[in-house]
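Dock chain B against the given chain A, drawing on the hints supplied.
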Amino acid sequence: MNNRTKIETKNLTKIYEREEEKFIGVYDINLTINEGEFVGILGHSGAGKTTLLSLMGGLIKPTKGSVYINNVDIFKLDDNELSHFRNKNIGFIFQYSSLIPNFTVMENILLPIVFSKEKKNLREYETRAKYFLERLGLKGYEDKYAYELSGGEQRRVAIARAFINKPEIILADEPTADLDEDTELKVLKFFREIQRKENLTFVLVTHSTEIVDLCLCETVYYMKKGRIYDKKIIA
Amino acid sequence: MIKRLLLELSIRNINRRKLRFLLVFIPIFILTFIFTYLLVISQIFLYSLNELSLKIGQADIVVVPMGSLVENEDFLLEGNLRPFKLNPVFYDKIKNQFKDEIERITYQIYLENLDGIALIAIDPRTDFIVKPLLEKKVELGEFEAYVGAKAFEKLGGKDSVEIYSKKFRIVSKLKETGSGLDYAIFVRVDDIKKLKDIDYISVIYIRAKPEVDSEILAYKIENVFVQVDTAHLTKMGKKIKKSINDLNNILKFMFLISIILCILLIYNIYSIIINERRKEIGILKGLGASNKDVLKLLLLEGFLVCSPASIFGSVVAIILSYLTLLKFFKLIFVKIPVTVFIFVPLSLLISITITFLGIYITFSKIRRFDILSLLKSI
Numbered sequence: 401m402n403n404r405t406k407i408e409t410k411n412l413t414k415i416y417e418r419e420e421e422k423f424i425g426v427y428d429i430n431l432t433i434n435e436g437e438f439v440g441i442l443g444h445s446g447a448g449k450t451t452l453l454s455l456m457g458g459l460i461k462p463t464k465g466s467v468y469i470n471n472v473d474i475f476k477l478d479d480n481e482l483s484h485f486r487n488k489n490i491g492f493i494f495q496y497s498s499l500i501p502n503f504t505v506m507e508n509i510l511l512p513i514v515f516s517k518e519k520k521n522l523r524e525y526e527t528r529a530k531y532f533l534e535r536l537g538l539k540g541y542e543d544k545y546a547y548e549l550s551g552g553e554q555r556r557v558a559i560a561r562a563f564i565n566k567p568e569i570i571l572a573d574e575p576t577a578d579l580d581e582d583t584e585l586k587v588l589k590f591f592r593e594i595q596r597k598e599n600l601t602f603v604l605v606t607h608s609t610e611i612v613d614l615c616l617c618e619t620v621y622y623m624k625k626g627r628i629y630d631k632k633i634i635a
Numbered sequence: 067m068i069k070r071l072l073l074e075l076s077i078r079n080i081n082r083r084k085l086r087f088l089l090v091f092i093p094i095f096i097l098t099f100i101f102t103y104l105l106v107i108s109q110i111f112l113y114s115l116n117e118l119s120l121k122i123g124q125a126d127i128v129v130v131p132m133g134s135l136v137e138n139e140d141f142l143l144e145g146n147l148r149p150f151k152l153n154p155v156f157y158d159k160i161k162n163q164f165k166d167e168i169e170r171i172t173y174q175i176y177l178e179n180l181d182g183i184a185l186i187a188i189d190p191r192t193d194f195i196v197k198p199l200l201e202k203k204v205e206l207g208e209f210e211a212y213v214g215a216k217a218f219e220k221l222g223g224k225d226s227v228e229i230y231s232k233k234f235r236i237v238s239k240l241k242e243t244g245s246g247l248d249y250a251i252f253v254r255v256d257d258i259k260k261l262k263d264i265d266y267i268s269v270i271y272i273r274a275k276p277e278v279d280s281e282i283l284a285y286k287i288e289n290v291f292v293q294v295d296t297a298h299l300t301k302m303g304k305k306i307k308k309s310i311n312d313l314n315n316i317l318k319f320m321f322l323i324s325i326i327l328c329i330l331l332i333y334n335i336y337s338i339i340i341n342e343r344r345k346e347i348g349i350l351k352g353l354g355a356s357n358k359d360v361l362k363l364l365l366l367e368g369f370l371v372c373s374p375a376s377i378f379g380s381v382v383a384i385i386l387s388y389l390t391l392l393k394f395f396k397l398i399f400v401k402i403p404v405t406v407f408i409f410v411p412l413s414l415l416i417s418i419t420i421t422f423l424g425i426y427i428t429f430s431k432i433r434r435f436d437i438l439s440l441l442k443s444i
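Here the protein sequences line up with chains A and B, keeping their order. The numbering used here numbers the first residue of the first sequence as 401 and each following residue consecutively. The numbering used here numbers the first residue of the second sequence as 67 and each following residue consecutively.
In isolation and in its complexed conformation, chain B is listed as follows:
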């Protein structure tokens, strides 16, 4: 009951000064939001990128027609397939010319985008990209298909799919990769060739031998065959990481400015709130509350306002940072790592520290007054 009275006194004081405390709530919300947003966006991104590279990391190098790297990145990172064509002779030429440095090589044909589902033809004899991702290890037979996790959902879990007026039986589903592969249907090149004249391939995937520097190999392929572009998967990650770092730098600057403004605002609002309550502080001290007791009460109020503001701010930041990457940057591979939730207590700790410091500094000025002059305050 006694502790409850103290808590109730705090709650009622907050209720009585709703506007004032709202003015505390908002900067704390903004502060924790910016702090969490900044940290989480880079965390989610790095984590997701790492997850992605683990999943499509069967290959070191991707070879595409000159000028099609962006389209390929669009497909791998956003699931947006825009077919492009590469002369099939490059597959054999690269395979033969760099046979000592290549461990595995395969190709894929990007056929078309069927209402958000990418139709891709693979060669099961050489494929090392799709097979490791299968939930059920089944060889691809005649007029059979594998489907990506998201494509499977889009198809409503059906066991077959019609392609070029021919029914293909779905024999296995891919594990979710967070890449464009999730939105694809994979069929055999041989089957597609029975239904349609195809005289091109789209991408070549290469895995270098362990002793070979894959980055140098990619560079060499591009130099020998000027008609192609190569993408080193790690390099691709680095490029995106750089963009994120640029974004982070802007956010860091904003964060610094905001944190300074928020601290000043919180401090000033508490100065007003506490100064308005001189008389109440006088009454409490007159009744036997020590400075410590009054400070405890003020800190409790601060805690009651700052905790929800901070938790709310950081949770909204986590959700928004996820949505930013997913919707604004259209990065389908984003995933929220559990570790980002550490930022909720961390931002709570920071906002509590700032709030408590603001209260303590203001109260230190008030405590110098004697009780009688506090009681005389209006």
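Chain A with its partners taken away, still in its complex shape:
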């Protein structure tokens, strides 16, 4: 582990058990992601991409192995510590629809601030949220309720929310799945821009090689049946 290492997984394995049957989620994954690196994880459905991303973010516990973020073994943290760690360091873009329908767009974006343990200047974050909304083509949507939005609009609000808390790491799971081509390009451009500006460590999971190319990922891991079978360093 060098001093630029942001995320490191060691023998990371997740086995799911359903009705006495076992399924491999991910198996023996060892990878290192450096600070400020834009990483793509590419694979077909069922390859284990979401499981890997969820393990990196501590959303699920591994059957074996460990995940180090900033040299901290995140699975050694208790629920409180891990939640705080996640809130402070990681911005998630979930694959599944993840807005609270009866909250406005602004309130949904500010949710990570609600659970932050540090004192925050809310005005500053509101301005940041407005900037993200404008960049994502949702200017003036602040007071709309989440249930009033289309799938694509909800997706973009969830993207804005992932960046709000100034995290060091972004874990994005098929972030442009519900978007049309133009909006997709706009969002990917936004990712690249903010990633560079804030020196974010960005892990993007997708099944599309095109997205990996458009994002100008520096490193791409290829997954199949829960294993990484190839790694490509582009830049």
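Note that these hints are calculated values from the structure, not bench results. No experiment lies behind these values; they were computed from the predicted model shown. Be aware that a few hints might be false.
So the derived label-pair ranges between C-beta atoms look like this [claimed, not checked]:
{"no.": "1", "chain 1": "B", "residue 1": "81", "chain 2": "A", "residue 2": "411", "range": "45 to 51 Å"}
{"no.": "2", "chain 1": "B", "residue 1": "373", "chain 2": "A", "residue 2": "531", "range": "37 to 43 Å"}
{"no.": "3", "chain 1": "B", "residue 1": "382", "chain 2": "A", "residue 2": "479", "range": "39 to 45 Å"}
Derived pair list, reagent style DSS-like, types lysine-lysine, alpha-carbon separation capped at 25 Å [said to hold, decoys possible]:
{"no.": "4", "chain 1": "B", "residue 1": "442", "chain 2": "A", "residue 2": "488"}
{"no.": "5", "chain 1": "B", "residue 1": "358", "chain 2": "A", "residue 2": "517"}
{"no.": "6", "chain 1": "B", "residue 1": "431", "chain 2": "A", "residue 2": "461"}
{"no.": "7", "chain 1": "B", "residue 1": "442", "chain 2": "A", "residue 2": "461"}
{"no.": "8", "chain 1": "A", "residue 1": "476", "chain 2": "B", "residue 2": "358"}
{"no.": "9", "chain 1": "B", "residue 1": "358", "chain 2": "A", "residue 2": "520"}
{"no.": "10", "chain 1": "A", "residue 1": "519", "chain 2": "B", "residue 2": "358"}
{"no.": "11", "chain 1": "B", "residue 1": "259", "chain 2": "B", "residue 2": "159"}
{"no.": "12", "chain 1": "B", "residue 1": "345", "chain 2": "A", "residue 2": "517"}
{"no.": "13", "chain 1": "B", "residue 1": "358", "chain 2": "A", "residue 2": "488"}
{"no.": "14", "chain 1": "B", "residue 1": "358", "chain 2": "A", "residue 2": "461"}
Heads up, the beta-carbon is just placed ideally off N, CA and C, and yes, glycines get one too.
Then chain B, alone, in the frame of chain A:
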């Protein structure tokens, strides 16, 4: 703003699931209602009875014609006067035969019920029942009257009253006693006898000497004079207390059944509400909310629903228990002691405990799921 967001999230969740939360509101309301009703009804009753006995407690024994005890109780407790007659010789006989045991003795004549106001004749020379209750200590002169507090209101605060076509000047008002005396006008026996032929008395009030057991004295009077019935005022209270205890026992049983049903209902409804919100819990946890934060949010919602339900339930219970005693049992002496309001926070505490326990148990099952499976929930 941050705390406000959490509060708003709770309020909106309640608004979004109005029916579900109404199903929580109702059992909590019923639970606190029964709990408070049961406790308050006995508290109000005991307090009022104690107040009453302090106020008409100048006498230990009441003597009435045989079979008229109920009528007399009706008057003392409900203000409903139905005149009954006792031969005046019993007054002198009792006075003479038990002179060593009697400290004070007086009599009253129940004349009639004038539109809800009882007309009573007293002998001011011997009276020790009415005089101590006067607001203004004035001797009763010729064609003068004292009036009870409620009777005074009924008369519209007039300074005189016409009785048997004769004007009686009101010289003093009685303090409110919570007894039938509040609804009475008291005049002198001598004045009434000038207006009407009266050859009877109605009740004899006796105060026993301090060293005498008044209960035994009452028993002795009844044994010697079989034509009369005696009521020991403490005994009368005991009798009513027994009725209330019987009522309490029924209520206690109902309370037990209701509390069990309510707890089960609250627990089940929360199971449904929280299970429906798995995805939302997943989102919040994914964004950095700890189990503690989510639990805090759920408890806040529980508190927001259960507090008004509980306060509403206990306040309605206090009012209804008062009205039950006043209107259903027609006990005019009932008063709400300030202490019964302690049941409002007490029932709040109980309902909060039950609600929080229901939420905690349900949430403990949910917290075992990892965030990804919560997020995948529909």
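Tell me if the straight-line CA distance from residue 476/A to residue 358/B falls inside 25 Å.
holds, 18 Å
Take the C-alpha atoms of residue 431/B and residue 461/A, compute the straight-line distance between them, and say whether it is at most 25 Å.
holds, 17 Å
Checking one constraint from the list: CA of residue 345/B to CA of residue 517/A, max 25 Å. Satisfied?
holds, 23 Å
Tell me if the straight-line CA distance from residue 259/B to residue 159/B falls inside 25 Å.
holds, 22 Å
37 to 43 Å was suggested as the range; check whether the CB atoms of residue 373/B and residue 531/A agree with it.
holds, 40 Å
Quick check on a hinted range of 39 to 45 Å for residue 382/B and residue 479/A, using CB atoms only.
Taking Cβ atoms as reference, residue 382/B and residue 479/A lie about 42 Å apart, which means the hint holds.
Holds or violated: are the alpha carbons of residue 442/B and residue 488/A at most 25 Å from each other?
Judged against 25 Å, a Cα distance of about 24 Å means the pair holds.
Take a quick look at whether residue 358/B and residue 517/A sit within 25 Å of each other, Cα to Cα.
Holds: residue 358/B and residue 517/A sit about 13 Å apart, inside 25 Å.
Residue 519/A paired with residue 358/B [C-alpha distance capped at 25 Å]
holds, 19 Å
Below or equal to 25 Å on CA atoms is what counts here, so check residue 358/B against residue 520/A.
holds, 20 Å
Hinted pair, alpha-carbon criterion (25 Å max): residue 358/B, residue 488/A. Please report holds or violated.
holds, 17 Å
Is residue 442/B close enough to residue 461/A, meaning Cα to Cα at most 25 Å?
holds, 16 Å
Of the numbered hints stated above, none is contradicted by the structure.
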